[in-house]
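Participant: Top line first, the protein sequences correspond to chains Z and C.
If you're matching positions, the first sequence starts at 1 in the UniProt record's numbering and goes up one per residue.
If you're matching positions, the second sequence starts at 1 in the UniProt record's numbering and goes up one per residue.
Check before you lean on any hint, since a few could be wrong.
[Unchecked claim] Covered stretches of chain C, as calculated for chain Z (at least 3 residues, CB under 8 Å):
1. 133-139
2. 164-176
[Unchecked claim] Pulled a few chain Z residues facing chain C out of the computed Cβ check, cut under 7 Å:
3. Asp116
4. Val118
5. Arg166
6. Arg169
7. Ala170
8. Phe177
9. Gln179
10. Val181
11. Gly182
12. Ile183
13. Asn184
Rather than coming from a laboratory, the hints here were simulated on the basis of the structure.
Glycine included, each C-beta is placed from N, C-alpha and C at the ideal position.
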Amino acid sequence: MSYVNTIIQGLLLGGLYALYAAGLSLIFGVMRLVNLAHGDFIVLAAYVILALSSFTFLPPVVAFMIAAPFLFALGWALQKYILNRTVQSNLLVPLLVTFGLQIIVQNGLLEAFSADSVRIQLGPIETASITIAGISMGVMPLLTFLAALVVIGGLNALFYRTKLGRRLRATSDSPVFAQIVGINPRNIFAIAMGISFVVIAVAGFFMGARANFDPSVGPARLLFAFEAVVIGGLGSLWGTLGGGIILGVAQELGATISPQYQVLAGHLVFLLIILVRPNGLFSKQ
Amino acid sequence: MALLETHEIEVFYGDFQAVFGIDVSVEEGETVAIIGANGAGKSSFLNALAGITPSKPDAITLDGKPVGGTPAYEMVKKGIALVPEGRKLYPSLTVEENLLIGADGKTVDRGWNLDEIYRLFPILKERAKQMSTTLSGGQQQQVSIGRALMANPKVLLCDEISLGLAPTIVKDVYAAVKEIQARGTTVLLVEQDLSAALGAADRVYCFMEGRVTLTGRPDELTKDQIQHAYFGMSDA
């Protein structure tokens with residue numbers, strides 16, 4: 001029973017990792033851009049929601065809903081005015097630019113909010129739990145997993161059932177030849193980054209509500225996101241959820257051996273999967 | 001006034017010049033073929049017309065208005081649609097999605113829609129939900145032509161539409177080109193298959209090393225003239 005419990009807790013943790021990873025996977029899928037600042041933008045989103053909630057005394061959920069469109073605009077502008085200048089060049093230029101953004105965001109947050117760790121307070125729901133078939137589950141982890149399903153399901157619906165999704169896929173297939181049907185790939189990239197920032201806002205909300213955070217925790221979020229994306233298969237959204245779950249379960253199983261093996265177990269599974277299936281478990285390639 | 005004209009158009013790839021000051025004119029409703037060997041500059045010329053490769057603003061006019069240097073995503077909205085060499089279908093889209101996305105470039109309705117494309121290429125209706133990569137070469141070419149037609153263009157640019165296709169399939173593809181022309185769409189073809197090009201075109205330009213070496217109506221040109229213009233040599 002304890003192993004079933006561990007696997008279920010890992011599955012729920014995987015929901016959080018899938019949220020971290022979904023935006024990264026979306027951006028890589030559409031424009032082959034590895035955003036090294038992704039984790040720091042998750043932390044930035046968490047601070048924006050926290051600050052908005054603190055200054056306006058609005059519930060954090062409402063603060064999130066107000067922040068999400070602003071974060072869409074931030075992502076759109078970031079791509080339009082900075083990253084679009086790098087995407088047509090070799091792989092190194094966007095990596096260096098997003099690495100620079102990582103440093104700017106971290107230091108900006110440190111300057112604005114100090115190094116003290118903080119948390120988005122949601123009240124009693126944070127510690128609430130339900131028991132199903134003798135297994136106790138936290139309400140917040142359950143909500144996080146549900147949010148991951150909604151986000152990834154929503155992104156899939158957007159990609160495969162809408163006109164915009166058709167354009168996103170065509171641009172992903174060939175930015176040059178997407179133009180012959182009237183698509184401006186730079187606009188599509190900017191919209192994709194905007195959508196990614198909305199997903200980042202969701203990830204930031206749940207990260208900030210589930211654990212303390214400070215300006216330095218971004219790179220670790222990036223690492224978990226990156227591992228989930230690679231395990232799942234680059235560019236595959238449901239694969240990203242699968243990757244997050246595998247990572248979460250591996251970490252929880254590692255923690256049952258010893259708490260110090262929690263993160264290490266995730267890394268080892270990641271390495272194993274890279275060795276066995278370098279394209280990821282759910283990649284179509 | 002010709003519908004589409006180029007004026008001393010030049011195409012460069014970095015320091016390399018592929019097209020040297022070419023003048024071509026295409027009248028409304030005409031089918032014009034550009035023939036020439038590999039490396040003659042035909043596709044570079046067509047890509048410049050489609051906005052894929054840059055050109056000077058006054059190097060291309062459409063309806064007398066300069067459109068040179070317009071990016072490809074704007075060029076299609078001005079009425080120039082491209083069927084690219086190698087088809088360049090979107091592999092993550094189904095056949096129907098590949099066709100529907102072509103309508104994103106439509107600004108004027110000239111009667112081309114999904115039903116009309118399916119009437120022109122009935123097999124595509126049967127394959128509508130399949131991924132485009134699962135089709136045969138000839139069917140993929142039909143999708144590529146259909147996608148460009150969905151933009152309802154004034155001018156349809158076709159780059160090597162016979163490439164890699166069996167002769168019977170080439171015949172079918174060119175029968176469709178004839179029908180497209182009969183419906184009033186102006187067609188500019190780039191083609192290495194001489195018999196296909198000469199059979200479909202009202203006028204022909206022959207390119208060699210980025211320059212025009214011959215022009216005329218197919219029935220006025222002799223085999224020797226074409227051979228000389230095409231390869232730079234003759235039987236004599």
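Participant: Which numbered hints are broken by the structure, listed smallest first?
Facilitator: Numbers 1, 2, 3 and 4, in rising order.
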